[in-house]
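K.L.:
Just need the whole structure built from these sequences, with the hints factored in.
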Amino acid sequence: MNHYLPIADHGVVGDLQTAALVTSGGTIDWWCTPRFDSPSIFGSLLDSERGGHCRLAAELPDESGGTVRQLYLSDTAVLVNRFLTPDGVGEVADFMQPIEGTVPATGPVTLQTDGDDITARFALEAGEIAAVVLTSAASGGPVPHAPSLDGIADELEACRPFWHAWLRPSTYRGRWRDMVNRSAITLRSCSCPGSASCLLGTRPG
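Counting the sequence shown from 1 gives a position; this note's numbering is that position plus 434.
Not one of these hints is a red herring.
Label-pair ranges, simulated between beta-carbon atoms:
| no. | residue 1 | residue 2 | range |
| --- | --- | --- | --- |
| 1 | 561 | 482 | 31 to 37 Å |
| 2 | 616 | 583 | 26 to 32 Å |
| 3 | 612 | 551 | 34 to 40 Å |
| 4 | 483 | 599 | 38 to 44 Å |
| 5 | 575 | 503 | 36 to 42 Å |
| 6 | 607 | 554 | 42 to 48 Å |
| 7 | 441 | 469 | 18 to 24 Å |
| 8 | 605 | 549 | 53 to 59 Å |
| 9 | 584 | 553 | 24 to 30 Å |
| 10 | 549 | 588 | 34 to 40 Å |
| 11 | 575 | 484 | 23 to 29 Å |
| 12 | 545 | 508 | 31 to 37 Å |
No wet-lab data here; the hints were simulated from the structure.
Quick reminder that beta carbons are idealized off the backbone N, C-alpha and C, glycines included.
P.N.:
The structure is reproduced here in structure tokens:
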């Protein structure tokens, strides 16, 4: 990853305590944890060679004709990278469960060391899912237990009603509603609990 994508080619996911930037190719190239003012874990947004990143994506050979589309699930902060190839379609959903505590530990995908990198490769059949969970823990503190795949899927599903319920008080119904909702969700994702509590009480013109 020795290049820099435009900031417009990124999506943002957050849990109200921190946020990560995810490229349209499935790379997390900025993430500070556990708070916005914490040091970055991944920083290739600023230094592509030494900043570090995490990539979860389909392998698309140049000649395959594959494309990638990045989108949010409607009125949520769940970011989806959809990989389309002549042989099939795969999706990677990036999200952070809105929390006021710690994030669970790693999922069922087996990671292996590869020099200075950590990698994993796996194949999925139609309808199958796999999970990778990134977390942080205090030095010397307890290691969070590994969540089940069903538990991770439940957290993903719980994100939708959380964001829908948060948007519900909005009174704006104008032609820019989608943009207003997306802006509000992005701001809320990047706000500590309570700091954006009045955001949807406004009435944009």
